[in-house]
Amino acid sequence: MPRKQPTEEDLERRKIVSVNAETVTDVTSTDFPGNWPGENHAWDIEKVIRDTKIEFHQNEPAEASFSLIGVDASIANAFRRIMIADIPTIAIEKVFIDNNTSVIQDEVLAHRLGLIPFTGGREGLDNFMRWLPKPKDNEPIESTYFDYNTISLELKVTCTDNPDAAPGEKDPRKLYNHGHVYAKDIVFAPVGRQVKYFAGEDAIRPVNPDILIAKLRPGQQIELSMIMHKGVGSDHAKFSPVATASYRLLPTITILQPILGRDAEKFAKCFPEGVIGLAKVTKEEAARQGSGYEGHAGELKAVVVNPMLDTVSRECLRHGEFKDKVRLGRKRDHFIFNVESTGQWESDAIFLASIAHLKEKARKLEQQVVDMVR
Amino acid sequence: MSREQYQIPTGSQQTFAAGGSNTVATSTNREFETGIMHYTCGDCAARVPLEKGAAIRCQKCGARVLYKERTKRMVQFEAR
Ligand SMILES: [Zn+2]
Numbered sequence: 137m138p139r140k141q142p143t144e145e146d147l148e149r150r151k152i153v154s155v156n157a158e159t160v161t162d163v164t165s166t167d168f169p170g171n172w173p174g175e176n177h178a179w180d181i182e183k184v185i186r187d188t189k190i191e192f193h194q195n196e197p198a199e200a201s202f203s204l205i206g207v208d209a210s211i212a213n214a215f216r217r218i219m220i221a222d223i224p225t226i227a228i229e230k231v232f233i234d235n236n237t238s239v240i241q242d243e244v245l246a247h248r249l250g251l252i253p254f255t256g257g258r259e260g261l262d263n264f265m266r267w268l269p270k271p272k273d274n275e276p277i278e279s280t281y282f283d284y285n286t287i288s289l290e291l292k293v294t295c296t297d298n299p300d301a302a303p304g305e306k307d308p309r310k311l312y313n314h315g316h317v318y319a320k321d322i323v324f325a326p327v328g329r330q331v332k333y334f335a336g337e338d339a340i341r342p343v344n345p346d347i348l349i350a351k352l353r354p355g356q357q358i359e360l361s362m363i364m365h366k367g368v369g370s371d372h373a374k375f376s377p378v379a380t381a382s383y384r385l386l387p388t389i390t391i392l393q394p395i396l397g398r399d400a401e402k403f404a405k406c407f408p409e410g411v412i413g414l415a416k417v418t419k420e421e422a423a424r425q426g427s428g429y430e431g432h433a434g435e436l437k438a439v440v441v442n443p444m445l446d447t448v449s450r451e452c453l454r455h456g457e458f459k460d461k462v463r464l465g466r467k468r469d470h471f472i473f474n475v476e477s478t479g480q481w482e483s484d485a486i487f488l489a490s491i492a493h494l495k496e497k498a499r500k501l502e503q504q505v506v507d508m509v510r
Numbered sequence: 119m120s121r122e123q124y125q126i127p128t129g130s131q132q133t134f135a136a137g138g139s140n141t142v143a144t145s146t147n148r149e150f151e152t153g154i155m156h157y158t159c160g161d162c163a164a165r166v167p168l169e170k171g172a173a174i175r176c177q178k179c180g181a182r183v184l185y186k187e188r189t190k191r192m193v194q195f196e197a198r
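Which chain is which? The protein sequence lines are W and B, in order.
For the first sequence, our numbering assigns the number 137 to the initial residue and increments by one for each residue that follows.
For the second sequence, our numbering assigns the number 119 to the initial residue and increments by one for each residue that follows.
In short, the hints are calculated from the structure, not lab data.
One or more hints might be untrue.
[Claimed, not checked] If you anchor each label on the Cβ, the simulated ranges turn out as follows:
no.	chain 1	residue 1	chain 2	residue 2	range
1	B	PRO167	W	ALA339	53 to 59 Å
2	W	ILE190	B	THR189	52 to 58 Å
3	B	PRO167	W	VAL343	42 to 48 Å
4	W	LYS272	B	ALA164	47 to 53 Å
5	W	GLU502	B	THR189	35 to 41 Å
6	B	LYS190	W	LYS272	28 to 34 Å
7	W	ALA221	B	LYS186	53 to 59 Å
8	B	LYS186	W	ARG309	27 to 33 Å
9	W	ALA301	B	HIS156	56 to 62 Å
10	B	ALA173	W	ASP273	51 to 57 Å
11	B	ALA164	W	ASN195	57 to 63 Å
12	W	LYS310	B	LYS190	48 to 54 Å
13	B	LYS186	W	ALA339	37 to 43 Å
[Claimed, not checked] Within a straight-line C-alpha distance of at most 25 Å, the following computed BS3-like cross-link-like pairs (lysine-lysine) qualify:
no.	chain 1	residue 1	chain 2	residue 2
14	W	LYS351	W	LYS310
15	W	LYS320	W	LYS366
16	B	LYS186	B	LYS170
17	W	LYS351	B	LYS170
18	W	LYS306	W	LYS320
19	W	LYS405	W	LYS416
20	W	LYS459	W	LYS183
21	W	LYS467	W	LYS366
22	W	LYS351	B	LYS190
23	W	LYS151	W	LYS459
24	B	LYS190	W	LYS292
25	W	LYS292	B	LYS186
[Stated by the list, open to error] Negatives, chain W to chain B, calculated, CB over 12 Å:
no.	residue
26	GLN194
27	PHE232
28	LYS351
29	LEU386
30	GLY413
31	GLY426
32	ALA433
Even glycine gets a Cβ: it sits at the ideal position worked out from N, Cα and C.
Only chain W is shown next, with the shape it has when bound in the complex (with noise of 0.2 Å):
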C-alpha cells in the first residue's frame, strides 16, 4: 500500500523544536533514511545543492553574521569547530629573555606575549608563510627554522623619569617614558624574504597596538626577542583565528489566536524590541467568519515582525492570557551563526576557509576508505 507522502506543511513541521513553558521537545531532526516508513530522505547532492543557503547579516573585517539554512547540525557544528581549532594562525611561540626587571615574572610576560594576535600581509601570510616543520631526532629545533616559517620579533624598552613631566604630575603615562609597554612597542625584524612579503603596510604588526603588556617604573626593563610560527587552535588558543565563532538557532513565533488591544501591547513587552509589531486589523479580517477577528476592525493586534531578535526568554508563556494562544520553538535547519575575528583574518573569510578546510577533510577521508578496501 502506498503512503501518503508528507506535504510541503508536514516539512516545515517537522522542522520545528517545539520551546515550551518549561522543556524542550523535538530536539533531534527526522530527515534521515528509515526514520518515516514509505519517505525517501537519502542524502542527494541535488537537494542539498537546492536547499542550502547562506544569507549575510552583518559582514564587516572584525564582525559577521550570517544564516546557514538548510543543513543538519552536524554540518553547521562542523564548520563551527573548523574555525575554532583548525583554521591557521601565526602567533608568538617562543620568547627569549635577555633581560626582565620588571614586577611581572618572565614565564606570564612570555604567556602575555603569546596571546596577542598580530597580523601582516594576506599574499604572505597564505601563500609564502608553511608550517614549522618537525626537527629531525638530535637535531637541534633551530636546524628547521627558514624565512618561510619563522618570523621574528623583537622588545625592547626601558622606563626613565620623564624630564619634562609637570611638578606633582600623577599619571605614570607623564611621568615616565615607556611606564606601560604596548603591544606597539614590538618591532618587526624581517629575514630573506619576508622583506617582499611583509612591507610597508604589509608588516607583522599587533591588530590592537593598544595592548598593555607590561608596567615599569624608571630603571626597569624588558628586553627580549620573539619567534612565531604558523599554528592552530586546537594546539593552543592563541592560534584560534576566532574571538567567537558560535551559532543558535533561528526562533520561531506563531500566534495561534488573535491578541488585541492592551493584551497586543503587553505580549509585545514580552519579546526584546522589534520582535512584537502592533497592526489594525483590517476590514477584510474582520468580516471573515470564524477568523477570531470579528467586530474587531480597526484595533490592534499582535504580529510577528522579526523573530530573529527574539531571545527565547519564555517570557509570554508565564502569562496565562497568552499561554494558549501563542506557540514558541526554533528552526532545526537554519543556523544563525556569529562570528567574530581577532584580526589576522576577515572574518567572512575564516567562514569560507572552514568549508575548504572540510572539504579537504572529507577528500582525505575518501582516500583512506579506497585505500581500506583496497
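Position chain B with the ligand against the provided structure of chain W, taking the given hints into account.
Quick look at chain B with the ligand alone, frame taken from chain W:
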C-alpha cells in the same frame, strides 16, 4: 652542559640569526675575572660593586641589604 658548571657564554651558539641573541656584555666577563661582583642596593637601587671579603654595604646610602642581579644569560620560554 651541566647546570652547575659556569661557562662563559660565547656568541656562536645561536644558529638562527634572528632567534634570540645570546651575547653577554663583555664588561661582565671582565668583572667575573677580576672577582668584582655587582649587587643592587635594597634601599636606593644603586649598583654596588663588591670585592671578595668586602663589607656588605651600599657605598651610597649605607644600607645593608643588597640584592643579587638578574642573570645576564638569555632565558628561553614558551609563549603558552
Ligand atoms: Zn643604597
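Hint check:
no.	hint	in the structure
1	PRO167/B - ALA339/W: 53 to 59 Å	violated (43 Å)
2	ILE190/W - THR189/B: 52 to 58 Å	holds (56 Å)
3	PRO167/B - VAL343/W: 42 to 48 Å	holds (46 Å)
4	LYS272/W - ALA164/B: 47 to 53 Å	holds (50 Å)
5	GLU502/W - THR189/B: 35 to 41 Å	violated (55 Å)
6	LYS190/B - LYS272/W: 28 to 34 Å	holds (32 Å)
7	ALA221/W - LYS186/B: 53 to 59 Å	violated (44 Å)
8	LYS186/B - ARG309/W: 27 to 33 Å	holds (31 Å)
9	ALA301/W - HIS156/B: 56 to 62 Å	violated (30 Å)
10	ALA173/B - ASP273/W: 51 to 57 Å	holds (54 Å)
11	ALA164/B - ASN195/W: 57 to 63 Å	holds (59 Å)
12	LYS310/W - LYS190/B: 48 to 54 Å	violated (32 Å)
13	LYS186/B - ALA339/W: 37 to 43 Å	holds (40 Å)
14	LYS351/W - LYS310/W	holds (13 Å)
15	LYS320/W - LYS366/W	holds (21 Å)
16	LYS186/B - LYS170/B	holds (14 Å)
17	LYS351/W - LYS170/B	violated (36 Å)
18	LYS306/W - LYS320/W	holds (24 Å)
19	LYS405/W - LYS416/W	holds (18 Å)
20	LYS459/W - LYS183/W	violated (38 Å)
21	LYS467/W - LYS366/W	violated (38 Å)
22	LYS351/W - LYS190/B	holds (22 Å)
23	LYS151/W - LYS459/W	holds (22 Å)
24	LYS190/B - LYS292/W	holds (15 Å)
25	LYS292/W - LYS186/B	holds (22 Å)
26	GLN194	holds (33 Å)
27	PHE232	violated (3 Å)
28	LYS351	holds (17 Å)
29	LEU386	holds (39 Å)
30	GLY413	holds (51 Å)
31	GLY426	holds (68 Å)
32	ALA433	holds (69 Å)
Checked against the numbered hints listed earlier, the structure breaks hints 1, 5, 7, 9, 12, 17, 20, 21, 27; every other hint is satisfied.
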